[in-house]
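Chain by chain, the residues run as shown.
Number of protein chains: 2
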Amino acid sequence: MFKISDFSRLSQVSVRTLRYYDEIGLLKPLQVDEGSGYRYYSIDQLQQLNRILALKDLGFELAQIFQLLDEDLPPAQIRGMLRLKQAELQLRVQSEQERLVRVEARLKQIEMDEVDLTHEVALKKVKPQIVASSRKLAADIKIKYQLASEMLDFLKTNGVKQVDHMLFIDHDGDYRNDDLSVVEIAVPVNSSSVGNVVERSGGRITVRELPGVNAMASLLYHGSPATMIEAYQSLGRWIQDNGYCITGPCRKVCLRQEGELSAYLTEIQFPVEKGEITDSKPTVYFSG
Amino acid sequence: MFKISDFSRLSQVSVRTLRYYDEIGLLKPLQVDEGSGYRYYSIDQLQQLNRILALKDLGFELAQIFQLLDEDLPPAQIRGMLRLKQAELQLRVQSEQERLVRVEARLKQIEMDEVDLTHEVALKKVKPQIVASSRKLAADIKIKYQLASEMLDFLKTNGVKQVDHMLFIDHDGDYRNDDLSVVEIAVPVNSSSVGNVVERSGGRITVRELPGVNAMASLLYHGSPATMIEAYQSLGRWIQDNGYCITGPCRKVCLRQEGELSAYLTEIQFPVEKGEITDSKPTVYFSG
DNA sequence: TCTTGACTATCACGTTACGTGAGAGTGTAT
DNA sequence: ATACACTCTCACGTAACGTGATAGTCAAGA
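In order, the protein sequence lines correspond to chains A and B. So the first sequence is numbered by this note's numbering: it starts at 204 and just counts up by one. So the second sequence is numbered by this note's numbering: it starts at 204 and just counts up by one.
Some clues are possibly wrong.
No copy is singled out in the list; a pair is fine if it fits within one copy or between any two copies.
Stated by the list, open to error - Below, simulated DSBU-like cross-link-like pairs (lysine-lysine); rule was C-alpha separation at most 35 Å, straight line: (1) Lys339 - Lys231; (2) Lys288 - Lys364; (3) Lys259 - Lys359; (4) Lys455 - Lys477; (5) Lys359 - Lys339; (6) Lys339 - Lys328; (7) Lys328 - Lys288; (8) Lys347 - Lys330.
The set of hints was computed from the structure by calculation and includes no laboratory data. Since we're looking at a predicted model, the values are computed, not measured.
Just need the whole structure built from these sequences, with the hints factored in.
The following block contains the structure:
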C-alpha cells in the first residue's frame, strides 16, 4: 500500500489528479483511513490507472472512460470504440493540416498588406419556390455539401424533379463557435413530382414554399466556400451604404459545385429592406 | 449599422459570442443605445472581427489577440508571431500523428488481450555523488533529452569531466497533467574539474552532493522512455510485495541514449525502506 | 390602444480537468 | 515540545463561451 504521493511517483500522475479521480469515482483508493482520511493505494490499482490514462490519451473524456471501465463491455465493442476514436484522430490531424494551409494563406495576405476585394452587389427580386428541404446540424462546408449530395441522390432515386439550383439557408443566425450550425438544405422541385417523398424519407425531408423576397441583396462568389466570409463583408458594406437593413436569414445558392472547391460558384443572398438604422439615437422631432 | 443578430449573420459568429467579445472588450459595438442597451455594429467592424477570427484560428488565445490588435505592433513582429504559431501548429500535427501511432499500439495490445511483463528488480546501495545539475520544466521526454544533451555539451566545452551516467530526478512528485513536469538533470562530475561553471552558466547549473541511498529498488528498462510506465508497475509491485515503502524521488539513470528510442537503456531507481503500510488500520498493541 | 411575437438585454450558473492557495489535522524525527 | 513533511477538505480560478431565466424593446396587426 502506498500513500498518495508515492503512488503519484509510481504513476507519474499528480497528487491533485489522484484526489480528483477519487472525487469523481474514477479511481478510488483501495483504502481510506477513517481517522485521518489518508488515501492508500495498492500497486494493483496502477494497472487500472494506466488504462485510464491510455483512454484519456486516446481522446476520451473522463465520463466516457468511467463507462468504459465500469460497464465491463465485451472486447469487440471496446475495439469498436477505439477504432472510432482512431478515425476521429485522423480527422483531427487532417483538419490541423488544413489549418496549416490557412495559416500559410494568412501569412501571404499579411505580406501583401491589406487586400480589400470588392464584389459587385445586385438588388433583385426572388420568386417564391416550392422546395424539398432538410435541416442538418453540420460542422463544416465539406460535410454540408456531402449531406446535400446525399439528399439530391435521395430525391433523384425517388423520382422528384429538381427545377433550380440547390440552396443553403442559415437559420436563425444560430451560429455556434464550435463550428456546428444548423443549415437548411433546400432543393427547388416540381411540386407535382414530389409524391410521398416526405413519408419515404421518414420525415427528414419536408416540402414547403420558400417565400419570395422583394428586395434581395445578392452577390456572386467564385471560390471555395471556406473563404466565403470575405464576400459577406462586401455585401454588408453595400447594405449599410445603401441604407438597407437585413430582414431575414442568409441564402446561399449553389450555382456550381463540381471539381475543385476553388471553382465553386455561389450566390449569396440577404433579404433586405429600406430603412437604415441611423448612426445616432433616432432624432426626436417635436410636432409643430 | 446592424443589430446584433444581423451582424451575427454577416459574420457567421453567434450572438452570444459577439456579446462576449463586447464584455471582454475585444470588439465593442460602434454604438450602444443608452436607453435600451441595444448593440449596433458597423460593417467596418467586420474586418476587425475577421482578423480576430483569423488569429483565433491560428491558435491564439483571446487575451493574446487583444494585445496583438491593441498594441498596433509593427508588421514584422506580427509576421514573427505568426511564424511562431505556424511552427507550433506543425508540432501539434506531429504529436497528433504520434498519438495515432500509440493508438495503433494500444489496439494491438488489446487484440492480444492482457500482456503483463515482469521486470527483474534488484535492491542495491548507491553512494553519494557530486553532480552538476539543472532543473527544467519540460513537456515530454524528447525535450528532456534535448535539454540534457545541451547541458552535456555545455559541461564538456567548459572542461568539466563527467564521471558516471547522467540521470534524471523527478522532483517532489510534482507531476502535472498537462505533461509539464519539473525534472532535475544531474551529471556526476569530477568535483575538481568543476571550476566556476556555476557562474558561467549564469546560475542555471548548480553543483551539489546527490545523497547516497542505502536501499535502492532498481530495475533495468530497455526501450523507449515513452513506454517506461509499464516498468514502474513492476517496481511498485516489488516494493509492495517485499514490504518496503518509498522514501524519496525517483531517479532515472541513462545508461545508453543513442540511436533509436527503442534501444535506449535506463535504470529506474526508487529509494526505499523497510516498513510496510499495512492493509488495515495499524494494529494497536496493548502493552503487557 | 392593446397584444402578440420577434428580438434584445442582463444576470448567473454550467462546462472540462484539474491548479492553486488557505487553513487545519497527521506522522515522524529531533 | 517542536519542527517538518505530508495529508486532508473546502473553495475559488481557468477559457470561451452555452444555456436558461427573467425582463425590457420594437414594429406590426387587431
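Quick rundown of the hints versus the structure:
no.: 1; hint: Lys339 - Lys231; verdict: between (41 Å within a copy, 32 Å between copies)
no.: 2; hint: Lys288 - Lys364; verdict: neither (39 Å within a copy, 49 Å between copies)
no.: 3; hint: Lys259 - Lys359; verdict: neither (44 Å within a copy, 41 Å between copies)
no.: 4; hint: Lys455 - Lys477; verdict: within (22 Å within a copy, 75 Å between copies)
no.: 5; hint: Lys359 - Lys339; verdict: within (19 Å within a copy, 64 Å between copies)
no.: 6; hint: Lys339 - Lys328; verdict: within (27 Å within a copy, 67 Å between copies)
no.: 7; hint: Lys328 - Lys288; verdict: neither (48 Å within a copy, 46 Å between copies)
no.: 8; hint: Lys347 - Lys330; verdict: within (25 Å within a copy, 67 Å between copies)
Hint check: violations occur at hints 2, 3, 7; the rest are consistent with the structure.
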